[in-house]
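According to the numbering used here, the sequence shown is numbered sequentially starting from 3.
Treat the hints as calculated values from the structure; they're not laboratory data.
Wrong hints could be hidden among the right ones.
Claimed, not checked - Have a look at the derived ranges for each label pair, beta carbon to beta carbon:
hint, residue 1, residue 2, range
1, Phe404, Ser257, 43 to 51 Å
2, Ser237, Ala283, 25 to 33 Å
3, Phe404, Asp147, 22 to 30 Å
4, Arg69, His180, 46 to 54 Å
5, Arg461, Glu393, 22 to 30 Å
What the hints assert, rightly or not - Derived DSS-like pairs: lysine-lysine, alpha-carbon spacing no greater than 27 Å straight-line:
hint, residue 1, residue 2
6, Lys169, Lys126
7, Lys228, Lys126
8, Lys56, Lys423
9, Lys44, Lys219
10, Lys101, Lys56
11, Lys292, Lys282
Being a predicted model, the structure only gives us computed values, none of them experimental.
Don't be surprised by glycine CBs; every beta carbon is placed ideally from N, CA and C.
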Amino acid sequence: MHLSEVLQGLCYEIVGNPDIEVSALACSTTEVKSGCMFFCIKGTQVDGHDLFRKAVGDGATVLVVERRLNTAVTQVIVEDVRATMACAAKQFYDNVADKLKIVCVVGTNGKTSTTYLLDAIFNKAGYNTAVIGSNGVFINGRHHDSQLTTPDPINLHRWLYQAYLNKVHFVFMELSAHAIALRKNYGIKAEIIAFTNFTQDHLDFFGTMDKYRSTKKSVFCQHFTKAAVVNTDDSLGQEILAEGQLPTISYGIGSGDVRADEVQCSDSGISYLLTLYDNKAYVKYSLCGKFNVYNTLCATAVARVFGVDIDTIVSGIAEVHDIDGRNQTVMRDDGVRIVVDFAHTPDGIDNILSYLKSITHGNLLVVFGCGGNRDKFKRPLMAQAVSRWAEFAIVTNDNPRFESPQSIAEEVTCALTCPYKVVLNRSQATQTALSVAKAGDTVAILGKGAECYQEIKGRKYPYSDMDVVMRLISHNE
């Protein structure tokens, strides 16, 4: 593609030869190819401007920069490299983002579950679908690995292009607060942005709850979406609805355009009377906990916008029997319940443990840790949430990254008020919990969900909570 086509409609200054064909895009030196356009991004650890010589040496023929560099290679000088990269990636991949119906899901918790539900409902309605999120990329049900909840714009538009080639009609995409702040969604106008909830997370990046809140709220405008679906049992959802910048459908328990009444939660799932404007039907869902009522309502409201009938919605919800790493449950032969869940925020932990406590006849044992180089302020709050519900906690590693695992554990244990033990090896921590659990007990293993690695000192080592659980169960049979 010619350079002028990649940059069409953008503001820039070119230094050097403008008559260049661009064969690839990259923002990491590990992905540079011959004929590549390299985006010099300022990161928190590394400034891409300092790496331009390596990029040029590996074949980059165009550099997108915010300041002029000392090189003969063509430079495109822009005000914001990240925003330019997002828009250029869209154009490089034939603007397919404009040809697909994209639904973004925003919120602290529930994004993955909601996209899975949407996928099931729209499949039931006869549409081809794609899902992009924490558990990877799914195109017409086929799974592809992806490292980030919301991929960087180059990879994101590459996935959208693949979805388009596979005749996908709807894309359901998790849109993280980091992605919004880093302008990954620039150039994409969603059909709908759906809001799940707002609770504490990512203060290491955003600094304050107000900044985190305003970042999530910022996408609910006509620049980024045509319409909104919001949880009005959440205060931020109420704000979005009250400001009225968009056509908006509200949902909640007992109130809203889409609402749940007569809610019943048990260890076999949830059920409730769904009111969808003038239509009513009973919903049954295999996943448990009140928080899943909200996830199903959010998906229902989105489906309603696109004209999916209530019977198809209810049927689609009923077909979702499990979601990897979300309240994923195994029963041991002796009656011990083992649950793997992604809960890694105070609110997420409170939600899953309050539900598990309500269905546990014996003791609730919790294996958990906190991620390194991430929001330190939530660590004591996570410990307090565990202490509210657990009879015993085992503090272990999550993804320590570049922090000392022992130091992280000390910050957690300072706020624990239930009995606990520190076992930093996560596999051994799980083994310890399972070895002391008795019939009627529940062992909750929190924080990593479907993640298949542990990140330690810059490397990702293969690791899966569920694989460890299944291996330990099999070994004891």
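Do the hints match the structure? See the list:
1. Phe404 <-> Ser257: 43 to 51 Å: Between Phe404 and Ser257, where Cβ atoms are some 46 Å apart, the hint holds.
2. Ser237 <-> Ala283: 25 to 33 Å: Once the Cβ atoms are compared, 29 Å apart, the range 25 to 33 Å for Ala283 and Ser237 holds.
3. Phe404 <-> Asp147: 22 to 30 Å: 23 Å, holds
4. Arg69 <-> His180: 46 to 54 Å: Between Arg69 and His180, where Cβ atoms are some 25 Å apart, the hint is violated.
5. Arg461 <-> Glu393: 22 to 30 Å: 35 Å, violated
6. Lys169 <-> Lys126: 16 Å, holds
7. Lys228 <-> Lys126: Given that 27 Å is the threshold and the Cα spacing comes to 24 Å, the pair holds.
8. Lys56 <-> Lys423: 48 Å, violated
9. Lys44 <-> Lys219: 24 Å, holds
10. Lys101 <-> Lys56: Since the Cα atoms of Lys101 and Lys56 sit roughly 36 Å apart, the hinted pair is violated (cutoff 27 Å).
11. Lys292 <-> Lys282: Holds. Lys292 to Lys282 sits at ~20 Å (cutoff 27 Å).
Of the numbered hints given earlier, the model fails hints 4, 5, 8, 10; all others are met.
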